[in-house]
Amino acid sequence: MFQYDLAIIGGGPAGLAAAVSAWNEGVRSIVIIERDDVTGGILNQCIHNGFGLHYFKEELTGPEYAGRFEQMVAETSIDVKKQTMVLNITPEKMIYAVNPTDGYFAISAKAIVLSMGCRERTRGAISIPGDRPSGVFTAGTAQRYVNIEGYMVGKRVVILGSGDIGLIMARRMTLEGAKVLAVVEIMPYSNGLNRNLVQCLDDYDIPLYLSHTVTDIRGKRRVEQVVVSKVDENRAPIPGTEMTFDCDTLLLSVGLIPENELTKSAGIPIDRRSNGAIVFDDMQTELEGVFACGNVLHVHDLVDFVTAESMKAGKSAAQYILYPYQHTDQPVELQNGPGVTYTVPQKLDLTAGEAKTDLFFRVNHVIHGGTITVQAEDGTVLFSRKKAHMLPAEMEKITLDKSWFVGHHTATVSIQEGANEK
Amino acid sequence: MYDVIIVGAGICGTSLARELSKYRLSVCCLERENDVADGTTKANSGIVHAGYDPLPGTQMAKLNVVGNAMVEQLCKDLDVPYRKNGSLVLAFDDDEMKTIQTLYERGVANGVPDLSILSGEEVAKLEPNLNPVKGALYAKSAGVVSPWELAIAQMEVAVQNGVELYLEREVNGITWNGESFAVTAAHNGETESYEARYLVNAAGVDADTIESFINEPPYHTKPNKGQYYLLDKSQGNLVHTVVFQCPSKLGKGVLVSPTAHGNLIVGPDSVDQPDKDDVSVTADRLAFIRNAAARSCSKINYRDSIRNFAGIRAQSEQDEFLIHYSPVTNQMVHLANIKSPGLTSSPAIALEVVEMLQKAGLVLEEKDSYQTTRRFPRFRELSEEEKKRIIEKDPRYGRIICRCESITEGEIVAAVHSPVPATTVDAVKRRCNAGMGRCQGGFCSPRVVEIIARELHRAPESICKDKAGSYILIGKTTKGEEKA
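Just so you know, the protein sequences line up as chains G and V, in that order. Quick note: the first sequence uses our numbering, first residue 1, plus one each step. Quick note: the second sequence uses our numbering, first residue 1, plus one each step.
So here's chain V without its partners, still in its complex pose:
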């Protein structure tokens, strides 16, 4: 019997896992996929929003601003890529100047620090590569973060503090006996059972499915897809801030921004679709994104595109996070409709949920000692002296495997043996960025497969690209067979 089961290891689940791991509790997290952060958390803009978007008085406004203020320290503690580069909302005409005035006032009401309205000239000075504008809302507290690395780091800390993570467990039933929950999950074709006194539904886009096991969800999930371009680091200095457009009758507009890793990201669009799993990209939407982005900046060179991707927003008709107790029992908390600014809000959401669980009777006693920080040495970011030292200690840090991103064998091995081990090529990429560069793993993926297989004592054919079933190799060649 666990004290708490968390369903879902996305940004909210991992944030809560870390928060709960500070207390004397037995906590487990059940995740459907073969890695954490493998849903919406890995496929979004990675923006740390300032907090002028949500309507004043909403929980979304409060959690956004509180969350924003927490992210910087969190990323320092967890060694996660983050840049506080500020954001602009561009206004191209007088109507849009009114919109940014409204956003400014909203921001002030929400308690957003360091907000100002810039003139067209000031914007041109700050961002010389943008097209001419009338003015812009400038929010210095906005930033960019690597969302999946934040989730992974949080779960690593949680696991080191005793949280149990079970991957490839798809929850398919929940029963409540008046005191505790029995949760069933499918794993490798078998059904497993887990029991807990408290249950948190952090299943993201599938929160409604999980909620429906225990009560009728008070909302309808309308999956909404956003597509993106990711460009090479050679384009990463085109803009310095997160550049938004005004929401208008033409739509939400797309953003142009450097990422936490120094690439350039362009997107997303926003299209409702019935399927929660369809993250395909389409030629027409990519063309829409290029056209929409050209309004902000006509200098984006798509020849330097290195990847397109899409993510699904976990959203419903309400314009508010739906963080609520189950009507059946306060011992279950549902996190639904965690759309943007969900990533920014996630540290604050975790605190909110801990408080709700406490109110529902969960006893919180801090552990005498727990780990709050985590380090992941990145060779390319080390000083000359540090580089020399780390290679002396472990020569594998002197062997570059990913040429584009200068990622060493030492980092890949560290990812494979981390507290939340990387067992797939993409899991390695998410932890240490091997394969994230301009050749997209063309050179390094065979070597990454080899290292994972070697370190885990598994056959190379069993190593997947990403989710279960995404196999890379089908078997040995005739010659390969002879060699073996």
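Just chain G, same shape as in the assembly:
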């Protein structure tokens, strides 16, 4: 059995940042457990640039961004166990893992940071009808084949979903000589960042079909055709609007799901809205000493935000190890009001942690001219700020002073639409 003060599960951008942050706070017994042969996580296959504008104030590629943190880790004596898969975590903070050199083994830790990232939603999860030929890939899997393995996956491509990975892959496939016939989005708006719409679709004349979806996949062996239909306001396909594309490939960029199987194995409560653990403002889950950050907690748009969140989780874990504290059993519960999909954190502890906290949330539809409001259970408005445009594709961030919440038990985060006066 191995013993560490801090065990970090997942060596992607979240895990690396949490490790560096905990080290900087003075923790000296840290292990990062990484299932792949290398750390860096999904950044390794994101060879395009655009990373780091917020955090490093310069534009880096994914591997470069990861490299910065790998370098920081290399300058410490943090242990990195690669090719190591965690199979189970117990509520007692025992970690059971396996790798080819240590075999099957246990790690006991005073604190754990969960940073396992997310996986892609698949064809099966959204039940796309049709045949089941080869040539249907999630965009990230295709990206791995193209950018890491060096193999092309198709010549004529339709992409379902206008999330960032889908947009990036539209450009990547085009640069590799494939013809991208269409990017199809079921919602009336894109789920990708605006800069990606311009740089990945517009610059290459790739058409974007909003309010459309794939309604049939044809091909007994390999994809031969994909049928795309317009959808109504309830997202139901409208008969008679079918367009048939002759293609050999369908890429899916239809959402990311935090990978919380280990979180669940430890009995940690999950928020069904964010699909991640319920956390306090110090990123601690409801299991004492276990923290969560990055895409395993909620899916982020930018790695820079993952880094910031994970630095906080690493710092809190260090505080917990060096100066053990317990959360109040009466935190302020944050609730989702109209217009809001989820918030992270979900709980504020007014008795511990820092005086101010960032609150991340997503809106559930496109909002032009709205007011972000945080209101206590008695109607007191604790926070209010106007914002011109809010998109589900772009995570919102506000900073709250925890002293505003003194004397309250719950507060609701909502968007008042069209209201011009405070």
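Please note that a few of the clues may not be correct.
Taking beta-carbon pairs under 8 Å as the criterion, some of the chain V residues facing chain G (in silico) [as the list claims (entries may be wrong)]: (1) Thr282; (2) Arg403; (3) Ile472.
Please keep in mind that the hints were generated in silico from the structure rather than gathered at the bench. Just so you know, these numbers come straight off a predicted model, no measurement behind them. A virtual CB, placed ideally from N, CA and C, is assigned to each residue, including glycine.
Given chain G, work out where chain V should sit, using these hints.
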């Protein structure tokens, strides 16, 4: 000249191959696809039926009950996932209570053990997540099995006992000269010829085509498609038993059941279609299945759906297995109309066919030694000590490739080098379950392609997802070209 040729390596063909491999016979099996179990055997509910459905006195009733009693030991011997979890047929009103009474009586007449009729309260106790019911028929002898793993394991044992398996051989002609058969098969654009004294047609949904090469089939195949939802293991404990609905004027009803692997399966519907190869799924039928299943259980969370699939039932108008000699010669046996409960009956069907061949003159002498069992180590099922030991012996068992199902490189390599080698991504999945989980191979399929290519010394571009032609990669990227 072979003693016996089996056409088709589905559940019946592989079951017969294993049974015949016990005797001093030269046996070969010709399969159209690039793997065994690649037709109806891989796309069905995977239910081991108790045997109260078929009418008393039918061969179907007899073989179902005999087969059911054989499956447990068979799966133990062959290391195949199986759970004897029992089944319920739900009755929602008095009419349906009459139906389950009829089924109960039929079951008793068929010799089904451990049958009882439960009250609504008893059902609620057994299955708290079901909607309220009036009562149910409870059959403890029912279960669930991994049908394709059973077929693969049977063929592995058969091959190790000397049966020759030829994949990608589509039989396109049979002639009988009064003593033996000449069978022609297409392979890679060439025609090959095989000769045998006895011939068994186990071609599943294409049994009529094979039969027509030698005699007019006494039935008409009406391909019938059934579609399914497969849900994540997080939904696998929603019900514990196989939950059927009463057959009624509204249709057969759909089932909700855990699978042998611990997922939840919901389906199938039943629609006739002309095409034997069309296994597409459709939005309207999937909606029908969700609605129909909601009658049994309204708690199914389809957000946890991981896959939809469909299979073709090999059925004709008769409500009976059509296991018969060719009118031309008793040296050929046809297995037609092997629809549900065909999977359950398959071990008994194999015994029946062996007996028919013997009656037709095939001499059966048991081999001095033959292998009856087979093991396939599954890392996730091993104890702590076993896990440590297997990694010490072979470190590849310490490298997890499929995260969702915790499948190791050791298992994938074992599948590739098994007696019936896996040469495709789906063949690996069928043998060791890599890619069967919630990410559906998103993370592991590139690595599985790499391992298959490495182990078989083939180019990654040549590795297919499943059937021939289902290629995954089209060539190297510019950068990939430079690297090479």
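Please verify that hint: Thr282 of chain V, Cβ, nearest Cβ of chain G, below 8 Å or not.
holds, 5 Å
Is the interface hint satisfied for Arg403 of chain V? The criterion is a beta-carbon contact with chain G at less than 8 Å.
holds, 7 Å
Can we keep the Ile472 of chain V interface hint, with Cβ of chain G closer than 8 Å?
holds, 5 Å
Every hint, counting from the list given before, is met by this structure.
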